[in-house]
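Enquirer: As a plain string of letters, each chain reads:
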Amino acid sequence: MRQRPLLWLAPVIAVILAFGVFPLGYSLVLSFFKWDLAGESAPTFVGLQNFRDILLTDHRFWANIRNTILIVIIGVVFQLIIGLGTALLLVKEIKAKVLFRTVLVVPMMIAPVVVGAIWKNLFHYNAGPVNHLLSLLGLDRIDWLSGFPEGVFAIIIADTWEWTPFIAIALLAGLQSLPQEPFEAAQIDGASKWQIFRFLTLPLIKPIVIIVLLLRVIDLFKIFDTVFILTGGGPGYSTETISVYIYKVGLSYFRVGYSSALSYILLFIVTVPIIFLHRYFSSEAKL
Amino acid sequence: MRIFRSLARVWVQKNISVYIGLIVTTLFFGFPLYWMISSSFKVRLEWLISPPAYWPSLYTLGNYITVIKDYFSPYFFNSLIVASCSTVLALAIGSLAAYSLSRFSFRGSEKVAFWILSTRMLPPVAIVLPMFFFVQYLRLIDNYFPLIMIHTLFNVSLAVWLLKGFFDEIPQEIEEAAMVDGCNTVRVFSKIVIPLSAPGLVVTGVFCFIFSWNEMLMAFVLTRYRAATLPIQVVQLARGVFGTRWGPISGLTTISILPALVVVICLQRYLARGLTLGAVK
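Chains as they are written, first to last, in the working numbering: chain A, 1 to 287; chain B, 1001 to 1281.
Derived, one-sided and incomplete: chain A residues facing chain B with beta-carbon distance under 8 Å:
#	residue
1	Gln3
2	Leu9
3	Ile16
4	Pro23
5	Tyr26
6	Thr86
7	Val105
8	Val113
9	Lys120
10	Asn121
11	Asn126
12	Ile218
13	Ile274
These are computed hints drawn from the structure, not numbers from a lab.
What you are looking at is a predicted structure, and each value in this text was computed from that prediction instead of being measured.
Using N, Cα and C, we set each Cβ at its ideal position, and we do this for glycine too.
Excised from the complex, chain A in its bound form (with noise of 0.2 Å):
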């Protein structure tokens, strides 16, 4: 029986390349010319001017990279710490269980403009709850959503609380895969809980933990629908991300090339944690 795997795989490959690699492609020719569809129609070739701009002369791009660099450190760290601690809270048999699942897993599946939507409302300054918790602590209210850096946390905040639930459960199932025996040995040796968790519990999630790292590094790079709602940006643009700038420069200035060349930079810096995690699936795969 021949197999031709060809012929099963065409209907992908065919809606990547439409879909995919041909938008791609055509974005690419784009970022070479420089098109305002706002104002004189006709594209001139500028070939490498555009990136050059871009590096090199725009204050809003490189703005636009720290909130983005800042979104993504922080809130993987912030992430990874609760999520870790909320896996090694479940693992433990505790009734009701359950329960404290369901809701944790609620929050991955609402929509991120919805997300948006709700912690916009949370973060009000005279009427929101977080505030109204900071004046009963004490504390001064925020202007959650008013600009750099107060912005930035507000989206860091909101994102956390829709993923961490995420990186929770996959370390979950991570840690619940775990074989006993070594854990057992380890107590009967007399290694202190500390111990067991650094050299025993820690080196063996690590797999997961990278994948998933990986994954939500990626996403927080692309982030877009939480922002937009949020803040659009912020006053200006202290608030605003890659994605953001890139919607808007393509699609409310209709600065057609710009907005292209941008759009690769971004990939070019996508591209970095996707070969991470292409090498981490095949070494992976050769186990």
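Fit chain B to the known structure of chain A by using the hints.
Expert: Relative to chain A, chain B alone:
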């Protein structure tokens, strides 16, 4: 006696701290949900007051009525159509690809598999502009078809990876027996593998559906009035001309999470696998 007391103290302490940790965590993740739901019943007076009304003193269903009457019908059904179609397409296309990646060993199958996966990580903004031009050129703005295909693009990569994992778990003996009996690959696929992997198909379908249901950017750019989906309604309520309409938006957000909620409660078991693209089973 002292030993028992100190043992009891340790046990209580250990479990209590776990309970406290879980309660705090549940509060953090649960409170915004509670807030959203309770806000949806609030009267306009209580939308924005300080201190906030944690328990509404006046109840109303007005928010829901506004949302359903004025806006809901088209948005909800559009979301339903787009999500269903892209899910079905993703499952169909994805299962074919996943089967070949799972059963046929050919050179470069790993690379192909990862190439398909990398599609899911593509930032939508990178293709939004070209797609907009393309769709506008074809006069298909505000039409279901382009949106369904884009959602299928993102869903199919997830589908391939999840389904490959599910197919890998089905023992090959049954298929081999069938082939000895004279079935060709296609029949083996459709009559044996698909029915056996029905739970996997359902789980994958659910994840695809939720992704499509929640997707905003493409829908926002490629639709206007007739094909607009639910997330667009959220955007309109949040960034409208008159500022944010808090009441209706709480009603809408509460309604919009219902399908996901139902699904999640029924499919708890498969969540870890779905989220990590099959890396964790």
